[in-house]
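**Q** As you go down the protein sequences, you meet chains A and B in turn. One point on numbering: in the numbering used here, the residue at position 295 of the first sequence is 295, and numbering is uninterrupted. One point on numbering: in the numbering used here, the residue at position 37 of the second sequence is 37, and numbering is uninterrupted.
Don't take each hint at face value.
In silico DMTMM-like links for lysine to aspartate or glutamate, alpha-carbon gap of 25 angstroms or less [claimed, not checked]: (1) A:Lys182 <-> B:Glu112; (2) A:Lys221 <-> A:Asp285; (3) B:Lys44 <-> A:Glu281; (4) B:Lys44 <-> A:Asp274; (5) B:Lys116 <-> A:Glu213; (6) B:Lys44 <-> A:Asp222; (7) A:Lys182 <-> A:Glu292; (8) A:Lys153 <-> A:Glu130; (9) A:Lys267 <-> A:Glu213; (10) A:Lys257 <-> A:Asp285; (11) A:Lys182 <-> A:Glu130; (12) B:Lys119 <-> A:Asp63.
None of these hints come from the bench; they were simulated from the model.
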Amino acid sequence: MKRIGWIIPLFVIGIAHAGGFDFKDILKALQKPEPATPAAPAPAQGAGAQPGQTGPAAEKPGDQLLKALTMGKTSESDEVSIGQQIAGNLLGAAPLVKDEALQRYVNRVGRWVALQCERPDLVWRFGVIETEDLNAFSAPGGFIFITKGLYRKLHNEAELAGVLGHEIGHVVRKHHLKLLQKSQGIAALGSFFGQQAKEGPAFLQNLIGNGAEIVARGLDKDAEFEADRLGLIYAARAGYDAYGLPSVLAEIGHTAKGDARVSLLFKTHPLPEDRLNHLSEAVGDRLDKLPEGRSDESRFYHLH
Amino acid sequence: MRWSVLSLSMIAAPVMAASGSMIRNDDLRESPGAGAAVVGHASKGAAVEILGRQSGWTQVKSGGKSGWVRILSVRSGSADSSADLGGFIEAGSKRGDANRAVAVAGVRGLSEEELKGAKYNAQEIALLDLYKVDRVIAEQFAVSGGLVARQVAQLPSPQAENGKARSKSSKPTVFQEEGI
Chain A
1 MKRIGWIIPL FVIGIAHAGG FDFKDILKAL QKPEPATPAA PAPAQGAGAQ PGQTGPAAEK
61 PGDQLLKALT MGKTSESDEV SIGQQIAGNL LGAAPLVKDE ALQRYVNRVG RWVALQCERP
121 DLVWRFGVIE TEDLNAFSAP GGFIFITKGL YRKLHNEAEL AGVLGHEIGH VVRKHHLKLL
181 QKSQGIAALG SFFGQQAKEG PAFLQNLIGN GAEIVARGLD KDAEFEADRL GLIYAARAGY
241 DAYGLPSVLA EIGHTAKGDA RVSLLFKTHP LPEDRLNHLS EAVGDRLDKL PEGRSDESRF
301 YHLH
Chain B
1 MRWSVLSLSM IAAPVMAASG SMIRNDDLRE SPGAGAAVVG HASKGAAVEI LGRQSGWTQV
61 KSGGKSGWVR ILSVRSGSAD SSADLGGFIE AGSKRGDANR AVAVAGVRGL SEEELKGAKY
121 NAQEIALLDL YKVDRVIAEQ FAVSGGLVAR QVAQLPSPQA ENGKARSKSS KPTVFQEEGI
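Can you build the whole structure from these sequences, using the hints too?
**A** Rendered as structure tokens:
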């Protein structure tokens with residue numbers, strides 16, 4: 001296979017800079033009213049619109065955000081607000097492992113890997129969450145999680161870098177945001193507009209669906225393959241052994257398919273074998289000249 | 001020894017051979033490196049014995065011949081195990097991994113219902129925020145681990161490449177069609 005030095009523009013990226021829309025202030029204002037209490041009341045039925053706010057005259061902030069979303073013009077701060085809602089919900093299901101040294105370590109590795117990506121200046125946040133499930137998650141705007149179960153399977157820092165790199169890839173390519181745009185586009189055709197609350201965190205919650213359901217919904221398999229390619233390259237750029245992610249995929253592939261700890265992962269991702277095949281084909285001989293990277297096994301933080 | 005083909009611990013314990021299979025055609029080379037002499041060939045699907053790893057290369061034995069292939073050209077386990085649960089059970093029992101069986105029976109995964117029903121946890125978000133680090137700290141951390149950033153080009157999608165090879169008017173990807 002020939003080495004080529006250019007990148008096929010798989011995704012048309014035009015979301016980041018909202019032309020006529022900037023909801024930074026609006027969303028900030030929306031988020032303020034309920035800062036300390038669980039910021040997301042139950043969605044849908046319970047969150048009916050308040051009287052006098054559904055009139056057609058003035059466009060509500062929620063309507064504006066919806067419009068921006070469906071038009072593919074979400075600003076970065078909107079993206080972060082949406083991501084934080086998803087991340088907060090996910091943490092409601094599986095909180096952070098209460099090991100400060102672990103969390104600080106993972107943030108250092110993750111931030112260093114993220115510095116190699118196309119969105120190095122996002123405020124990236126990483127967390128290890130309390131579940132034996134083998135999985136990793138991302139939410140728009142730079143929220144990245146790895147489960148304790150998957151973390152336990154890792155042998156060194158290069159493998160961690162590869163896993164975090166895959167999730168960083170999802171954020172860079174805005175895979176989940178696009179999924180939301182698609183579902184909102186469909187919802188907008190129905191009764192979504194005017195029917196649900198369009199104010200405050202309740203609106204954000206309505207936007208993302210139930211709880212952290214979106215992370216269980218699964219992406220297009222091409223999005224997963226792309227995130228694998230990106231993750232491998234980000235880790236390589238960061239100076240790590242490029243084969244950390246494939247190594248983790250191989251390890252996961254050896255987990256029995258009936259194991260409950262991988263049921264969500266296998267439901268929402270192509271099988272590890274297919275992902276390895278894809279990476280194999282994508283890499284070919286392209287990394288032949290790449291000098292050996294580091295695995296930094298000695299400082300890898302081991303869970304107790 | 002570790003079970004994964006690609007595991008770095010292969011370096012530490014290259015004692016027994018693991019079985020594997022080729023996932024793409026590759027030459028067998030005398031030593032790890034694209035410039036090394038070609039001593040044979042291993043075809044996609046061929047069963048191999050995995051002997052060790054060095055950098056991006058795996059040493060395999062195929063058809064009585066040993067040599068080095070690219071690490072991503074080979075994977076552990078039998079050739080058909082991807083579609084066959086039996087392959088995994090067999091492999092698992094070979095490993096004699098008692099914990100695995102226990103885990104299958106006892107540990108409940110993160111369920112969709114749990115995720116759907118999840119409620120926003122503001123305290124945890126605040127904690128998450130507390131642990132984040134800035135660029136400077138990340139760079140210091142890299143230096144202390146001997147990590148040096150390097151330029152590596154992104155990998156094109158193999159499908160897109162194949163599509164281009166077949167026809168000039170390659171079909172746009174799903175994401176292009178969205179027109180975002």
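**Q** It remains to establish, for every hint, whether it holds in the given structure.
**A** Hints and how they fare:
The straight-line distance between the Cα atoms of Lys182 of chain A and Glu112 of chain B is roughly 21 angstroms, inside the 25 angstroms bound, and the hint therefore holds. Pair hint Lys221 of chain A plus Asp285 of chain A holds up; C-alpha atoms about 24 angstroms apart against a cutoff of 25 angstroms. Of the supplied pair hints, the one linking Lys44 of chain B and Glu281 of chain A holds, its CA atoms being roughly 12 angstroms apart against a limit of 25 angstroms. A threshold of 25 angstroms between alpha carbons decides the hint, and for Lys44 of chain B with Asp274 of chain A the separation of about 14 angstroms falls inside it, so the pair holds.
Between Lys116 of chain B and Glu213 of chain A, the direct Cα distance comes to roughly 5 angstroms. Compliance with the 25 angstroms bound is thereby established for this hinted pair. Between Lys44 of chain B and Asp222 of chain A the alpha-carbon distance is near 23 angstroms, which keeps this suggested pair within the 25 angstroms criterion. Taken as a hint, the Lys182 of chain A and Glu292 of chain A pair is broken in the structure, with Cα atoms around 41 angstroms apart against an allowance of 25 angstroms. The hinted pair formed by Lys153 of chain A and Glu130 of chain A meets the criterion: a straight-line CA distance of about 14 angstroms does not exceed 25 angstroms.
Using a Cα cut-off of 25 angstroms, the hinted pair Lys267 of chain A and Glu213 of chain A holds, with the two alpha carbons roughly 13 angstroms apart. Distance restraint check for Lys257 of chain A and Asp285 of chain A: the Cα-Cα separation of roughly 31 angstroms exceeds the 25 angstroms cut-off, and the hinted pair is therefore not satisfied. Only pairs whose Cα atoms come within 25 angstroms are accepted, and Lys182 of chain A paired with Glu130 of chain A is rejected, the gap being roughly 31 angstroms. The hinted pair formed by Lys119 of chain B and Asp63 of chain A meets the criterion: a straight-line CA distance of about 24 angstroms does not exceed 25 angstroms.
Of the hints listed earlier, those the structure fails to meet are numbers 7, 10, 11, in rising order.
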